[in-house]
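A.B. asks: Chains as they are written, first to last, in my numbering: chain A, 1 to 441; chain B, 1001 to 1442; chain C, 2001 to 2266.
Hints are computed from structural coordinates only; laboratory data are not their basis. Predicted model, so just to flag it, every value in this text is computed and none were measured. Beta carbons are placed, not taken as given, at the ideal position from N, Cα and C, and that holds for glycine. Don't take every hint at face value.
In silico BS3-like cross-links for lysine-lysine, where the CA-CA straight-line distance does not exceed 25 Å [as the list claims (entries may be wrong)]:
hint, chain 1, residue 1, chain 2, residue 2
1, C, Lys2030, A, Lys110
2, C, Lys2009, C, Lys2043
3, C, Lys2029, C, Lys2155
4, A, Lys110, B, Lys1083
Just a sample of chain B residues kept apart from chain C, beta carbon distances all over 12 Å, derived [what the hints assert, rightly or not]:
hint, residue
5, His1078
6, Phe1079
7, Arg1125
8, Thr1174
9, Pro1227
10, Thr1281
11, Asp1285
12, Gln1300
13, Asn1376
Which chain B residues stay away from chain C? Per the calculated CB distances, all over 12 Å, these [to be verified]:
hint, residue
14, Glu1003
15, Asn1008
16, Met1051
17, Asp1076
18, Gly1255
19, His1333
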Amino acid sequence: MPKEVTDVICPFCGTLCDDLIVTVSDDNKTILGVKNACAIGAEKFNHQRMPGRVKRPRMRQADGSYKEITYDEAIDWTAKMLVKSRKTLMYGWASTSCQAMSIGHDIAEKVGAIVDNCATVCHGSSLIAIEDVGVPSCTLGEVKNRADRVIFWGCNPAHAHPRHMSRYSIFPRGFFTVKGHKGRKIYCVDCRYTDTAKCADEFIQIQQGFDYELLDALRTAARGEALPDTVGGVPKEKIYEIAEDLKNARFGVIFFGMGLTHTMGRNHNIDIAINLTRDLNDYTKFAIMAMRGHWNVTGSGQVLGWQYGFPYAVDLSRRDQARHQTGETTSVDLLNRNEVEACFYIATDPGAHFPVNAMISSSRKPTVTVDPHINCTTEISDIHIPVALVGVEVGGCAYRMDNVPIETRKVVDPPEGVLTDEELLTKINQRVDELLAQGGA
Amino acid sequence: MSEYIIKNGRVFDPVQGIKGDKKDIFVRDDKIVDSVGSGAKIIDARDKTVMAGAIEVHAHVAGPKVNAGRWYRPEDKHFDSHKTAGITRIEGGKSIPTVFKTGYEYARMGFTFAMEAAMPPLYARHVHEEIHDTPIIDEAALPVFGNNWFILEYLKNQEIENTAAYIAWILNQTKGYGVKVVNPGGTEAWAWGLNCLSIHDPVPYFDITPAEIITGLMAANEYLGLPHSMHLHQNNLGNPGNYTTTLESLKLAEGVKAKNNFGREQVLHSTHLQFHSYKGTNWGDFESGAKEVMDYVNRQKNLTIDTGNVTLDETTTMTADGPFEHHLHGLNHLKWFNVDVELETAAGVVPFIYDPNNAVFASQWAVGLEIALYANDPMRCFITTDHPNAGPFTRYPRVYSWLMSKKVRDERLNTFKKADKVISATTLANSTARSRSMSWQP
Amino acid sequence: MNTVTLNVKKVPELFLECENVNTDAFAGKKADQIANLGAFQGKEISTLGDYFSISGDAGETAAETKIIINGDCTKMKYLGAKMTAGEMVVNSACDMYTGSWMKGGKLTINGDVHSFCGLAMAGGEFTINGNAGNYLGAAYRGDWRGMSGGVLRVKGNAGSDVATFMIGGELIVEGDVDIHLGTHMEGGKIILKGNANRRVGGQLVKGEIYVFGTINVMMPGFKPVNTVELDVDGTRATFTEYIGDLGERHPKRKGETVYGKLFLKQ
Ligand code: SF4
Ligand SMILES: [Zn+2]
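Build out the structure end to end from the sequences listed, making use of the hints.
C.D. replies: Quick look at the structure:
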C-alpha cells in the first residue's frame, strides 16, 4: 500500500514550502507522487526515481572516461587533496543541511580552505549591502498578515519562487489582510514585462541600469525635494505619486532579486533600496527582503555567521584566522586569479552558474564534486561522489529566505549503500585527522 | 564512578563565608563530597581561585538577532580573528563573539552557564543550533511572550489557565527555560511602526495594556511554578525620565506570591535596570534615578534585578525591543537591522559607540555601578552588561574592579572629559567602597 | 634614515601575503632578522628571505626606516599596509591592500595597484604612479569609517567604488574613474581630474567632490546652487556647485542643514 507523508518541506527554492504531501511506495524506496508543490519543486522529488542514478563514487581516467571506485578510495583521495593543497576552494553548500555544513567547516579550518556558498554568484551583493547599511526586514508571515503595499523590484517570483505570491506576498488572506489581493497594492518594477508584472496593479518600466537613480529619486521625492523631469525613463510626477503612496501604506514590503543584485552597481542598488525602506519607516512601517533563490543558501550564511562572523566567502586558508572580502575571497575571483590549488564542490553546481573563465581555471585543478546527480561540475571533476538527496532521502535543518529555520523530512530511503553528506564529510574529516597526525599527505 | 581532588586552590564560597582559604575539594560523580578514595585524580589548583562556576543570567549569545549582529558586522572581526594553540577553533568578534569565542571566553572567566535572554519561538531551532555549537559552557534560552498574539488574546479575557497552558506548550516545543517579556505590547505596536512607552498605553488592536500583560504573565508563571520567575525588560527603555515607568512596572509585583516548593521567592526579575533608571526630561537635564529605583527594589523582597553595566566600548546593541533600536538608529545613524516575527515579536540591532567623552554615556556608566552599589542584598542583584548591549561580557573583570574598588572607580570617573557633568548627574562620587557590611547570607 | 632594499628573487606561484613588509614591522631589525619575518601563501608559511634578497638594516624606529622594493610584486598583498611612519617605495605593480590602514609616512608605488588599496587610510602620503583598482580609499566591508586622513594620489585611472564611506583626508585621481565615486561619503575631499562614469556622490551625506572632467549621468538627488571660481589642486577654474544627495539624510549644524557638495568644472 503506498503511503502519504504530510508536511514535507520542499528542497528546491528559498521559499521552503512546508505543506507538501508525498506519496511513497510501501517499501519506502520510490516516490510515486507529490502534491502541493509547484512544477520545479515537484521535479526535485521526481528526480529521486530517475533511472541511471550514480550510486558509487566515480574517478576520471586519463582517457576522460569514469571508473567506479569505492567510497573509501574516494574519501582517501579527497582527504589527501585537501591536506596537500596550500589553499582550497570549498564551494557550494546550498542544497545540504546545516549539520553537514558544520562538519565541512571543521575540515576547512584544519586544511586551510575558503568556504563559500552560492550567494557568491547570487545574493552576495545583498549581503554586502546589509553589511554596509543594515536591513529592516520581517518574516514572510508578517507580509501575509499585514502588508498592504508590496513591491517586486527586479525579481520574478512567478518563475523563480512560484508559490511565493500565493503563500505570502499577493494573494493570501491574513489576520489584518482579510481582503487578500484586493487589500494590497502590488507594484512591479522591472525593465521588462514579466509574468510577475502581470499580477501587479502597477508596472513601472525602468530603463536598464537605472535602478540606483530611480531609488535615489524615490528617496528624494519622499523628502519633498526637487527632481529632474524623468529618471530612468520614469516621469517625475509618477515618482512623487509612488513616494506618497508608499508613505501612506500601513505596512509595506519590497522584495528584490537579480535585477538589483546583478546589474550595474550591484550592492549599491540594494543599499539604496534598504535606505529607502529605512526612510519610509519615519512615516509608516516598511520592510525589505531578498528573494533568496537556492534552497538552504541562507542556512550556509547563518552557520558561517555563528562560527566565523561572515555570511559567505570565508577565508580560513591561514588556519588561524577567518577573513572575508568580496572581490578577494569570493569563489569567482579566487578562480580567475588562480589563488587556489584545489576545488571541493558540494551541493551546488558551479559549472552551471560560474563564468566560463572561472570554470576553465577550475578544470585545471584537482577537483572533487559531491552531488546526488551528474551535473556540469561533476563532468570536470577528478572524482564525483554521489550522496543522498537532502530533504528527500535524509532530513536536516535548512533556513528559509527570511532566515526561519525548518527541519526537513526524510521521505524515502537513499539507494542502498549511498552515504549522506553528513556521513561522507565525517569520514573525510576523520581521514584528514589521520593524515595530519602523520604529518601531511 | 569518577573521583577527583582539586588541591591547593584558594576557595571562595560566599554562602558559607569561605573567603580565599586554601582548601582541597573532593568530588565524586559531579558532586562535592567529604572524602574520596586514594585513586582519585588530582587537579593542582595552586595559585588559582576555586569557586562555583559563575552564572550569566542575561546575555544575548545565541539566535537570529545575535547572528545578524555577527554577520552584518564583518568590521567587528576585522584584525580580531585568531586561534590559540591546541584543539580550539578560530575565535573572532569583539562585541559579538562567534559561538566558539563565546564558549571559550566565558570559560576563561570561570563561567559555566549563560542564559540567552530572548528566543523568538519561531526561531528556536536556530537558537539551539548555536547552543549546540557553543563549546564548554551550558546555555539555555528564554522564549519571549510579551507580544505574542495568543498571550494577548488570553490575557485580554483574563484566562490565566489558558495562558499557562500555552506557555507550557511553547516551552516544550521550543525547549525554552522560562518566561521572557520584552517591551510588553510595545513590540506588537512596532509592527505598525508604533510603541507603548507607558504601561497604560493600549496595544493597537488587542485592547490590552502592558500593565495587564505583565500582571497576567506573572500569574501564569506562578500558576506553572516554573524554576525562574517572569523575566521583564520594561517599557520605555533608555529614555530620560523612565524611572517612573520602571517603578510602576515593579509595583505590579506587590502582593504577588511565588508558588513553588524549591524556595524561589521572587516573582519578577527586572533586567538591565541601568537602562530603566533615568530621571530628567531630556539628555540635557538627565540625572540618575538609581537611588529611587533601588530603594524600592531593596524594600520589595519578591524582586530580583540585573544591572546592565555600560562598559564604555564600541559594541552592538540588540534587543527584541524593535522600536527602541529604531529610535537608537535615529540617534546615531549607524546601520540598522530589524526583523519583525509574525505573531510573536521583533528584534533590532544597531552598532553603538559608548564614547567615554560623552557626558550621557559616562553617566550611564555611573548609573549601572550605582544600581549594584545601592543593592542591599547581593543575592537579589546580578551583575550583567546585558551583553552586548551595554558592553561585551568579556569586560566583566573591569566591571568587578569598578565595583570592588572605590579607587579604581574614582580613577575612571575623574578621567572623563565631562567628569563634572557626570558627578552632578549621579551620586557615584559619594559612594563608599564596597566594604560596608553586607549580608552575604541568602 | 636607514634604507632596506628588497629585491624579489622568487615570484610567488599563487600570491603572497606580505603583512610584514612595512616600516613598522622592519623597525629595529637587521637584514637577517627581516629575512626571518613570515610571509604567507595560504597555509604555507615561509619567510621574506625565501622571496626577497634583503640588504641593509632598518632604523631603530619606523620613522627612521626607508624600504625600497625592486622586482615583480604583482602577486604581493598588504605591502606597506598599516605603516605609521618612515618611507617605502615599490618599483613594481602591487596586488591588493597596498597601503591600506596606513596611518603615516610616505608610500610610493611606481606601478599599478589592485583593489582595496589605501583602504581606511588614516594618515600619511600615498602616491600611486600608475592605475588603481576598485575600492581605493574605501572602507573595509561593513565599516562606516573609510579613508579618514592623509593624502592619496593616483596618477592614472581608478576603478569603481573609489572613496566609499570616506570620512576625511584628501583623495586625488588624475585620470578617470568608473562608477560609484564617493558613495556614502561623510567627509573629506575627492578631486577627480578626469571623467567619471556614473553615480558620483550617491547617498552623499557630507564632504566635497571636485570633478574637472565629465560625469556621464548625474544623480537625481543633486541640485545646482551656485557658480564659483576655485583653486583646486593647483588649478584655477570655474565650477558649478551642487548640493546633495538630497535623497539622503543630512546633519544639522546650528539649525542649518549641512549638505554634501559636488563641484563640476564648467
Ligand atoms: S515555491 Fe519553491 S519551495 Fe515552494 S514548492 Fe515551489 S520550488 Fe518548492
Ligand atoms: Zn537583554
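A.B. asks: Hint by hint, which ones does this structure get wrong, listed from lowest number up?
C.D. replies: Per hint list: 1, 3, 5, 6, 17, 19 violated.
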